[in-house]
Amino acid sequence: MLVWLLNRFAPLAERLEAASSGDSRVYLTARIALAAVLAFTLAVGLGPLVIALLRNKRVGERIDSASPQLNELHAAKRDTPTMGGAFIMAAAILATLLCADLSNLHVLLALVVGLAFAVVGAVDDWQKLRRQKRGLSARGKLLAQTILAAGVAVALWLLQGEHPQGTALRSPIGEWAIRLGVLFIPWAVLVIVGSSNAVNLTDGLDGLAAGCIVFAGGAFAVLAYLSGHAAMAEYLAIPRVVGGGELGVVMAALVGATLGFLWYNAPPAQIFMGDVGSLPLGALLGYVALAIRQEALLAIIGGVFVVETLSVIAQVASFKMTGKRVLACSPLHHHFQFRGMPETRIVVRFWIVAALLGIAGLACLKLR
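Position 218, counted from 1, in the sequence shown is what our numbering calls 218; the numbers after and before it change by one each time, with no gaps.
Check the hints yourself; a few may be wrong.
Said to hold, decoys possible - So the derived label-pair ranges between C-beta atoms look like this:
| hint | residue 1 | residue 2 | range |
| --- | --- | --- | --- |
| 1 | A231 | F319 | 45 to 55 Å |
| 2 | G161 | V353 | 18 to 28 Å |
| 3 | M321 | L105 | 23 to 33 Å |
| 4 | L105 | M341 | 22 to 32 Å |
| 5 | V119 | I313 | 42 to 52 Å |
| 6 | P186 | L310 | 17 to 27 Å |
| 7 | W176 | D79 | 27 to 37 Å |
| 8 | D79 | K320 | 26 to 36 Å |
| 9 | L53 | A230 | 45 to 55 Å |
| 10 | I313 | I359 | 22 to 32 Å |
Just so you know, these hints were derived from the structure itself, not from any lab. C-beta atoms are modelled at their ideal positions from N, C-alpha and C, and glycine is treated no differently.
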């Protein structure tokens, strides 16, 4: 919307073009900042309304995990409003619509990813709340995510397949790369679905997933901006993605909206994110990493999400093969809870690690 309005004033646009960044005609850096502030303001404003609505509708968290000890630890959180991710996505999408260039296909695909995965998450949350189940079956949810990710992967492959580096898997350190060709499609599905579920697994303590998303999303907002800037992309030896800078607006909106949600989700939480928030947030991280060809860095910047996922895999594999558990409880943050560490300490320490990993990921750019 903002881009459309500014482009209507041709003389002004010509002046702005000389001062613009990357491949955008109209102040990309300013729009990135504006998207973050606008999304934060919208989320903070929507928060009390959504919390009150969810309380009136009795849309509260059910404490019904497979672990009695975990249920006891979280008993005080029973009936806390959930599905707060709905206003994260509403604020992020509205800020994107107002600040991003809507003629950019990367932006349109990002909007599709956010909306589609939010719908899957909303259905899953509703199943938990209204049908006394633990949500969609694992197979059903994975199938829905895979179908959605496959559609996005094909679209992204068609959009970027003609560029030499458009489908190449690049090392986070060094200059080697593997051209995936049509194999980019299953790879993209794996990244999007894996990232979506990784964030979902991390969303188990007040503020944990939201805080980690802020640091990872902020790092990818910077990476997206750099990928769309010809001079900076060349200087840092990273793939130049024409129009990729606009994804910086999307990620900034996501970060701003998540910060606004964290205003109410910080311990002790007034509202929980739910799958309607965690699934699209993770999917968008994966999508943006693929679009700017930095999914290898996603494993570093999103290292908290990776470790949380690996902890679940290790726990399940160990139990099936040996009958013993390697952790007191998985994912990893629950292991520390079972060992007696206070929840706020776990959350803040995970935030610190997420911040350091974001810095490390950006530092890798100069190691190429």
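Of the numbered hints stated earlier in the document, which are not met by this structure? Numbers 2, 3, 4, 5, 7, in rising order.
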